[in-house]
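Student: All chains should be built: construct the whole structure from the sequences, respecting the hints.
Protein chains in written order, with our numbering: chain G, 798 to 974; chain R, 216 to 569.
Think of the hints as simulated: they come from the structure by calculation, not from any bench.
This structure is a prediction, so every number in the text was calculated from the model and none was measured.
Watch out, some of these pointers could steer you wrong.
Said to hold, decoys possible - Straight-line C-alpha distance at most 27 Å; calculated DSS-like pairs for lysine-lysine:
| no. | chain 1 | residue 1 | chain 2 | residue 2 |
| --- | --- | --- | --- | --- |
| 1 | R | K257 | G | K951 |
| 2 | G | K957 | R | K261 |
| 3 | G | K951 | R | K261 |
| 4 | G | K951 | R | K219 |
| 5 | G | K898 | G | K935 |
| 6 | R | K219 | G | K957 |
| 7 | G | K855 | R | K490 |
Residues per chain, in single letters:
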Amino acid sequence: MSDLNVLFAGFGGQGILFAGKVMAYAAMIEGKELSWLPSYGPEMRGGTASCSVCISDKAIGSPLVVNPDVLVVMNLPSLEKFENDVVPGGLIIIDSSIVHKKVARTDVNVVYVDASKLAEDNGLKGAANMVMLGRLFKETGFCSAENLDLGLQKSVPARKANLLDSNRKAIALGIES
Amino acid sequence: MNEKVLMKGNEAIAEAAIAAGCRHFFGYPITPQTEVAAYMSKRMPKIGGVYLQAESEVASINMVLGAGAAGVRVMTSTSSPGISLMAEGISYIAGSDVPCLIVNVQRGGPGLGGIQPSQADYFQATKSTAHGDFHILVFAPSTVQETVDMISTAFELGDKYRMPAMVLSDGMLGQMMEPVVLPEAKEPDNDSKDWAVSGHGGKREHNVVNSLYINPQELEDLVKARFERYEVIKENHQMAEEYLADDADIIIVAYGSSSRVSRSAIDAARKQGIKVGMIRPITLWPFPEKVINKHVGHAKAFLSVEMSMGQMVDDVRLVVNGRVPVEFYGRTGGVIPTPNEVLEQIVRINGGVQ
Numbered sequence: 798m799s800d801l802n803v804l805f806a807g808f809g810g811q812g813i814l815f816a817g818k819v820m821a822y823a824a825m826i827e828g829k830e831l832s833w834l835p836s837y838g839p840e841m842r843g844g845t846a847s848c849s850v851c852i853s854d855k856a857i858g859s860p861l862v863v864n865p866d867v868l869v870v871m872n873l874p875s876l877e878k879f880e881n882d883v884v885p886g887g888l889i890i891i892d893s894s895i896v897h898k899k900v901a902r903t904d905v906n907v908v909y910v911d912a913s914k915l916a917e918d919n920g921l922k923g924a925a926n927m928v929m930l931g932r933l934f935k936e937t938g939f940c941s942a943e944n945l946d947l948g949l950q951k952s953v954p955a956r957k958a959n960l961l962d963s964n965r966k967a968i969a970l971g972i973e974s
Numbered sequence: 216m217n218e219k220v221l222m223k224g225n226e227a228i229a230e231a232a233i234a235a236g237c238r239h240f241f242g243y244p245i246t247p248q249t250e251v252a253a254y255m256s257k258r259m260p261k262i263g264g265v266y267l268q269a270e271s272e273v274a275s276i277n278m279v280l281g282a283g284a285a286g287v288r289v290m291t292s293t294s295s296p297g298i299s300l301m302a303e304g305i306s307y308i309a310g311s312d313v314p315c316l317i318v319n320v321q322r323g324g325p326g327l328g329g330i331q332p333s334q335a336d337y338f339q340a341t342k343s344t345a346h347g348d349f350h351i352l353v354f355a356p357s358t359v360q361e362t363v364d365m366i367s368t369a370f371e372l373g374d375k376y377r378m379p380a381m382v383l384s385d386g387m388l389g390q391m392m393e394p395v396v397l398p399e400a401k402e403p404d405n406d407s408k409d410w411a412v413s414g415h416g417g418k419r420e421h422n423v424v425n426s427l428y429i430n431p432q433e434l435e436d437l438v439k440a441r442f443e444r445y446e447v448i449k450e451n452h453q454m455a456e457e458y459l460a461d462d463a464d465i466i467i468v469a470y471g472s473s474s475r476v477s478r479s480a481i482d483a484a485r486k487q488g489i490k491v492g493m494i495r496p497i498t499l500w501p502f503p504e505k506v507i508n509k510h511v512g513h514a515k516a517f518l519s520v521e522m523s524m525g526q527m528v529d530d531v532r533l534v535v536n537g538r539v540p541v542e543f544y545g546r547t548g549g550v551i552p553t554p555n556e557v558l559e560q561i562v563r564i565n566g567g568v569q
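Tutor: See the structure below:
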């Protein structure tokens with residue numbers, strides 16, 4: 798894998814930006830070049846949120862992912878907005894607890910993960926983003942398992958260190974899904 | 216060496232300024248630059264610095280003038296409309312030969328415009344920041360690491376030539392995170408500026424920092440002396456990066472965010488066998504005329520790519536001076552051009568230069 802351009806998208810508050818940040822940190826520890834670019838502005842307040850993560854062996858050009866290799870999507874408006882932008886042969890990972898629509902395209906791979914339900918059933922409400930990240934990791938292997946965990950440790954601030962384990966469990970759920 | 220960390224461009228600006236010995240920040244919040252001020256408000260009280268949110272941009276820039284006149288490293292940051300409000304103060308600072316750092320995290324304009332990334336303040340930064348004959352140093356980073364490295368350069372050159380320095384960022388570079396290694400922290404140096412109005416203690420003549428000169432001849436002499444300094448700067452401090460430029464038939468000129476988009480487009484065009492490269496101005500004033508001039512000849516066409524309706528393209532045309540065509544492609548209002556759009560322009564121009 799030389800280049801991987803991922804677009805995370807969903808509602809504000811689902812941890813879309815955080816999922817991208819964990820990926821970005823893990824890629825940095827893996828020794829890759831990377832960028833993380835959030836959507837910003839009023840859409841962060843309850844509307845749609847998205848972030849672009851680019852990973853490469855060489856310097857990142859445009860950090861804005863227009864045509865993602867992988868779309869990680871956690872709400873219906875984002876699927877409708879970005880479905881057609883995914884590169885042919887690319888991958889769409891959908892939180893099927895929230896998005897009940899199926900992908901119409903036949904030239905992309907699609908993975909449906911019951912992420913929000915999985916999280917809730919395991920006492921990890923609010924950690925569906927990490928379930929999705931776990932599945933992204935399983936599908937793409939964008940870093941080693943060890944570096945993914947180090948990336949998580951770097952991303953969780955010290956004052957929220959008590960949330961580290963629940964995030965770990967959620968990532969594991971995604972990997973097993 | 217410091218550990219590599221992941222930082223937002225805006226936060227990196229603040230931390231790099233602190234590392235460069237800046238302990239005075241005056242500002243007023245505006246998207247998409249607010250993280251600079253927010254970061255400073257947390258850090259400055261812990262290190263004995265001053266963070267002050269003024270009542271307006273007008274007040275902020277005059278506080279910058281006061282602190283700069285007292286000889287300390289001082290900065291402000293804002294976004295496009297904020298620079299317009301600061302214009303008068305920036306002219307006073309330049310007319311008083313006071314160094315300072317001004318950060319513009321550009322957003323779409325004119326007017327209140329929008330909050331998405333833009334490069335439509337090029338003219339304002341490089342040509343007409345405010346009234347009167349003067350220039351400021353203008354630096355245009357394209358990565359978070361370069362932003363960090365540039366902050367100390369901006370402070371140092373500003374101090375050396377006693378003039379304001381601007382770092383011209385934009386909403387994309389400000390909001391994005393990239394790996395960065397912060398420089399080793401320097402202690403503030405508040406005593407080395409022998410012109411500063413910092414108290415003479417009865418041991419020397421008192422200094423005056425002023426921009427009012429009623430006698431026209433005195434003012435002309437002063438402005439002319441300043442312009443002689445500008446010539447020294449133009450000679451010695453033009454900065455640009457060349458990317459695949461040496462064998463290029465077509466050369467893109469782009470800075471900051473649009474240079475990153477262009478780099479992606481150039482890589483794609485090279486895969487199609489098109490000889491295209493880039494000159495990326497790192498200083499916008501002084502404009503890197505020498506490096507552009509060097510490539511006129513083997514480069515049969517230039518293309519200025521900007522997030523504006525076409526501003527820097529005028530400077531490219533002045534250097535190229537009609538010898539080869541200079542074209543323009545841009546998006547504005549907060550729209551970021553895609554690599555594919557730039558690639559289409561490269562392919563189109565390539566059809567004409569064979």
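Student: Hints first: check each against the structure and report whether it holds.
Tutor: Hint check:
1. Distance restraint check for R:K257 and G:K951: the Cα-Cα separation of roughly 20 Å lies within the 27 Å cut-off, and the hinted pair is therefore satisfied.
2. Simply put, G:K957 and R:K261 have alpha-carbon atoms about 22 Å apart, close enough for the 27 Å limit, and the pair holds.
3. Annotation: proposed proximity of G:K951 to R:K261 holds, straight-line Cα distance about 23 Å (limit 27 Å).
4. For the given pair, G:K951 sits about 12 Å from R:K219 by alpha-carbon distance, which is consistent with the 27 Å threshold.
5. The suggested pairing of G:K898 with G:K935 holds, with an alpha-carbon distance near 23 Å, which does not exceed 27 Å.
6. Using a Cα cut-off of 27 Å, the hinted pair R:K219 and G:K957 holds, with the two alpha carbons roughly 22 Å apart.
7. The suggested pairing of G:K855 with R:K490 holds, with an alpha-carbon distance near 20 Å, which does not exceed 27 Å.
This entry satisfies every hint, going by the numbered hints stated previously.
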